[in-house]
Amino acid sequence: GEDVEQSLFLSVREGDSSVINCTYTDSSSTYLYWYKQEPGAGLQLLTYIFSNMDMKQDQRLTVLLNKKDKHLSLRIADTQTGDSAIYFCAESWDTGRRALTFGSGTRLQVQP
Amino acid sequence: DARVTQTPRHKVTEMGQEVTMRCQPILGHNTVFWYRQTMMQGLELLAYFRNRAPLDDSGMPKDRFSAEMPDATLATLKIQPSEPRDSAVYFCASGLGAGNEQFFGPGTRLTVL
Numbered sequence: 001g002e003d004v005e006q007s008l009f010l011s012v013r014e015g016d017s018s019v020i021n022c023t024y025t026d027s028s029s030t031y032l033y034w035y036k037q038e039p040g041a042g043l044q045l046l047t048y049i050f051s052n053m054d055m056k057q058d059q060r061l062t063v064l065l066n067k068k069d070k071h072l073s074l075r076i077a078d079t080q081t082g083d084s085a086i087y088f089c090a091e092s093w094d095t096g097r098r099a100l101t102f103g104s105g106t107r108l109q110v111q112p
Numbered sequence: 113d114a115r116v117t118q119t120p121r122h123k124v125t126e127m128g129q130e131v132t133m134r135c136q137p138i139l140g141h142n143t144v145f146w147y148r149q150t151m152m153q154g155l156e157l158l159a160y161f162r163n164r165a166p167l168d169d170s171g172m173p174k175d176r177f178s179a180e181m182p183d184a185t186l187a188t189l190k191i192q193p194s195e196p197r198d199s200a201v202y203f204c205a206s207g208l209g210a211g212n213e214q215f216f217g218p219g220t221r222l223t224v225l
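Going down the list, the sequences are from chains A and B. Using my numbering, you'd call the opening residue of the first sequence number 1 and step up by one each time. Using my numbering, you'd call the opening residue of the second sequence number 113 and step up by one each time.
Hints were generated in silico from the structure; no laboratory data involved. Every value quoted in this text rests on a predicted model; they were computed, and no experiment measured them. The beta carbon of each residue, even a glycine, is placed where N, CA and C say it ideally should be. It is possible that part of the hints are untrue.
Unchecked claim - Label pairs and their computed distance ranges (CB to CB):
hint, chain 1, residue 1, chain 2, residue 2, range
1, B, Q153, A, T81, 43 to 53 Å
2, B, G128, A, T25, 38 to 48 Å
3, A, Q111, B, R176, 41 to 51 Å
Take the sequences, apply the hints, and build the full model.
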C-alpha cells in the first residue's frame with residue numbers, strides 16, 4: 001500500500017513544544033514535506049527536507065528524519081495559538097511524474 | 113505575488129445540476145492537480161496534468177467527473193450530474209513537476225443539496 005500515516009489530533013499549551021509525527025512508505029523518497037492548512041484555506045508549504053539529511057531547522061521549526069524507520073517529525077518550539085491548524089506530511093519519490101503522497105493530517109490545537 | 117486562483121469560492125447547487133470549477137495555475141507551472149477534501153475521507157487526489165496532458169485521473173469517478181486544461185492558464189473540473197455526496201472542498205494546486213512543491217489555491221466549497 002501507499003499510506004503515509006499521521007496521528008489525527010494533538011493538543012498542547014501555548015508556549016510548549018509540539019511534535020507532530022509521520023511515517024512514510026518508501027525508502028527511496030527524495031523529498032519529504034510539511035504543509036500547514038489553516039481554517040478555510042488551502043495547504044501551504046511550511047518546510048521540506050531532502051532525504052539525505054537527518055535534520056533541518058528553520059526558526060521555530062525543526063524537522064527530523066529517520067530513514068531507517070521511515071519516520072519524519074515536525075517540532076514547533078514555543079507553540080502559539082496561531083499555530084493551530086492541520087499539518088500534513090507528504091512524500092515524493094519521482095519528482096517528474098509521480099504526485100506527492102499526503103498523510104491524513106494532524107489537527108494541532110493550541111490551548112491559551 | 114504569484115498565486116493559484118480558484119473560482120467560484122463557494123457554490124451551492126441542487127442535485128442533478130452541472131457544476132464547473134475553474135483554476136488558474138501559477139504562470140510557468142507545468143503541473144496542475146485537483147484534490148477533494150472532506151471530513152470523512154480527508155484529502156484525496158482526483159487528477160493531475162503535466163503540460164496540459166492528463167498524467168493520472170485514477171482518483172476521479174469517471175462517470176460524472178471530468179477534468180480538462182483548455183490552455184496553460186486554465187484548468188476545469190466538471191461534475192455532471194452532481195450528487196449530495198460530492199459536497200466537499202475542491203482544491204487546485206500547481207507546481208513544477210509532479211513530485212515537487214505544490215502551491216495550493218484557496219479552494220471551492222461545493223454544497224450539493
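Hint numbers contradicted by this structure
The structure conflicts with hint 1 only, although it agrees with all the remaining ones.
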